[in-house]
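Sequence order for the protein chains is S and Y.
Sequential numbering of the first sequence, starting at 10, is according to this note's numbering.
Sequential numbering of the second sequence, starting at 7, is according to this note's numbering.
Check before you lean on any hint, since a few could be wrong.
Cut-off 20 Å, straight-line C-alpha distance, at most; resulting in silico cross-link-like pairs (EDC-like, lysine to aspartate or glutamate) [said to hold, decoys possible]: (1) 216/S / 146/Y; (2) 291/S / 279/S; (3) 160/S / 149/S; (4) 75/Y / 247/Y; (5) 160/S / 144/S; (6) 216/S / 56/Y; (7) 118/S / 64/S; (8) 75/Y / 225/Y; (9) 216/S / 246/Y; (10) 10/Y / 182/S; (11) 216/S / 48/Y; (12) 72/Y / 247/Y; (13) 150/S / 343/S; (14) 10/Y / 287/S; (15) 150/S / 125/S; (16) 160/S / 332/S; (17) 216/S / 243/Y; (18) 72/Y / 227/Y; (19) 75/Y / 146/Y; (20) 160/S / 148/S; (21) 75/Y / 246/Y; (22) 150/S / 123/S; (23) 72/Y / 186/Y; (24) 33/S / 186/Y; (25) 291/S / 148/S; (26) 12/Y / 182/S; (27) 160/S / 242/S; (28) 118/S / 144/S; (29) 169/Y / 186/Y; (30) 216/S / 247/Y.
These are calculated hints, taken from the structure and not from any lab test.
Computed from a predicted model, the values in this text were never measured in an experiment.
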Amino acid sequence: MTAHPTRAALLCPGLYQYLKGEWKAGGIFFALAAICLTTMAFYARAEADPFGHQDVRLAIAATVLFWAALFSALDAFQRPGRAALYLILLPAIVLFSIFTYLPIIWAVKLAFYDHDLQTLVYGGAPFAGLSNFADIVHDDKFWLGLSNTMKFFIIGFLLGQFPAPALAYLLNEVPSRRVQTFYKCICIMPSLFSWPIIGAIWLWILKPGGQLDVLIEIVSWGTVTEPLPWLGDPTTARYVFVSVGLWMGTGVSALIWLASLANIDPSMYEAAQIDGADHWQKFRHLTFPLLIPTWVVLTILAFIGMFSIFDQVIVMGNPSIREAVFVVMIHIFETGLRVGAVGYAAAMSLVLCLIVLIMTAFNLKVSSKMDVTG
Amino acid sequence: MRMKGKFRSCIVHGLLWVLCAGMVLPFLVVLTASLKCPALGDEMSPRTPDFIPDRFYWQNYLIGWKAGKLGIAFFNSIMTSVIWTVGTVLVCAMAAYAIGRRQCLGHKWILLFFLSSMMFAGQTVLIPQFILYRALGLYDSLLIFMIPGTGAFTIFLLCHWFKNVPREIEEAALIDGCGENAIFYRIILPLSLPALATVGLLAFMGAWNNFVGPYVFLESESNLTVPLAIQSYIVNDPVDEAARYAAIMISIIPVLVVFIFLQRWFLKGLSLGALKG
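Just chain S, same shape as in the assembly (with noise of 0.2 Å):
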């Protein structure tokens, strides 16, 4: 037992672990990779399910086999002993996998047939090969989800990008720590509700005659006394969105952005005081570019967080303005779970992945380019 394993072990989950002596961990891939493999057999041969929920949990059993085995072999080429690191791995992977991967490479499957309401149900989807995709080019709503989607986060970016600076800059003033903490408790309680909270406590405030306008009609000494049309006006509504979503979301931002400020060297402040530096030097030369990594990590954030305007829609759309805040994701929610037509949701949902890696990569090959230069 104690001689070298043939590497050929490895072929068998558990094995390699056995022969070593490591009965436990080699006992419990062992025992991980029979209970996929029995049930893997058993849904290969059980009577095929028309709408594919065999393929499903054959695709689980697969998925958790291929960790056991790979995490089985790759122990082989670590020191001995460290078994146990790969077995408390295995529930963080194999959850991974099944909940968040799976679902990506079954919409890949169902991308390529033709499903509805009846289907759904009762399975036997047509075979719709590539004529899913192309519907998407002749989809008008789709095309109007993505750039309302791209309006709105062009909207969020640049509203955004001077009040949480601002805020952050403000609460940096305050010399005491407690009051300090104070506002920055306040600062941070919009974030702590859920939009269907949020948007019922704002469409009470922007509602004909609600308080906003009672505050508009005060601040401009009693001229304006019409109800301003916040969320029925298509234009104003986009705004209106962006900036709930900026209500909300700004706390948070501002204490990233303190956080950052109050890491940076106080004795680089000191040693630019020496040289000479003056406020607004200081800013430029010093602060700002040690900022910029934040910025970055703010930004792409916020990019992954644009999707959270589906739940707003849901909670804060209206009829008369459906047209400006239909979002990409509505679109797919309503095709896929209302009409029942999953093939081409899950067509749409792949390609807005795509697209959102591909800007992803773009924004993160921009901003590795400002960190180098920055």
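Fit chain Y to the supplied structure of chain S, relying on the hints for placement.
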């Protein structure tokens, strides 16, 4: 110079008060609305600023609780959020330990695997997940929200944390004859409780406030979580406005209370997220 300092301080505090008022006033407006009673002659939409309650018609809260089915909703939300958070933090902590601290073979690739799942934003996989859950027989079930997992950010933060735990303690324990597994339980885990608590809090808030998930995956009347209950109540019952806002206040208050008690952890969670950049 001193006058300039005081003047500046006034402006800073003044601006901060305006901004903070902007954050807090919407909640006060809803609080006021929730305490009104139209039957007794209160005007629900007055043409004057309306954020201080005049009347305290608390019966609205009872009506809102019943009509909004908040009892079931709170029970479901608490159950699913707690189970999900505990499960996720455990699973992610184990993974982060293996990747960050002990750096098993291939740890860079595995970390990349986890992080790249962040790029497939939750909603693009919504439809396929729907099909997946149906295939598993989990259609319209609260179990969907109790399966731990997808916390890429959690793993990342914990990885970072585990990497930075000082090695001296571990080495001292090894010299004293502590086994490798015991090091995890007896030394690293207790040291990491602050990080785990922070990460757990963030995860809990995410699970509690999750709206799209329940909206898409749950259907029957009794399978409600708090966000879903509020949304269906608001949409389906446009008549009794005061009770609606009372229901909203009911769902706001627990979060606020938790926040006030744990605000140190909330703020810590944010700075953890900031420092990783």
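Hinted pair, alpha-carbon criterion (20 Å max): residue 75/Y, residue 225/Y. Please report holds or violated.
It holds: about 15 Å lies between the C-alpha atoms, which stays within 20 Å.
For the pair supplied as a hint, residue 10/Y and residue 287/S, confirm whether the alpha-carbon distance does not exceed 20 Å.
17 Å, holds
Could you grab the alpha-carbon distance between residue 216/S and residue 146/Y and see if it respects the 20 Å cut-off?
This hinted pair is violated, its Cα atoms lying about 34 Å apart.
Can the restraint linking residue 216/S and residue 56/Y be considered satisfied, given a maximum Cα separation of 20 Å?
14 Å, holds
Take the C-alpha atoms of residue 72/Y and residue 227/Y, compute the straight-line distance between them, and say whether it is at most 20 Å.
14 Å, holds
For the pair supplied as a hint, residue 118/S and residue 144/S, is the alpha-carbon distance within the 20 Å limit?
17 Å, holds
Take a quick look at whether residue 150/S and residue 343/S sit within 20 Å of each other, Cα to Cα.
11 Å, holds
Proposed proximity, residue 48/Y with residue 216/S (alpha carbon, max 20 Å)
18 Å, holds
For residue 150/S and residue 125/S, compute the direct alpha-carbon distance and say whether it is at most 20 Å.
18 Å, holds
Mind checking the alpha carbons of residue 118/S and residue 64/S for me, to see if they're no more than 20 Å apart?
Between residue 118/S and residue 64/S the Cα gap is close to 11 Å, so the pair holds against 20 Å.
Against the 20 Å threshold, does the CA-CA distance of residue 75/Y and residue 246/Y hold or violate the hint?
15 Å, holds
Agreement of residue 216/S and residue 243/Y with the hint, judged by alpha carbon distance not exceeding 20 Å
17 Å, holds
Hints 1, 5, 23 and 25 from the list above are not met by this structure, while the remaining hints are.
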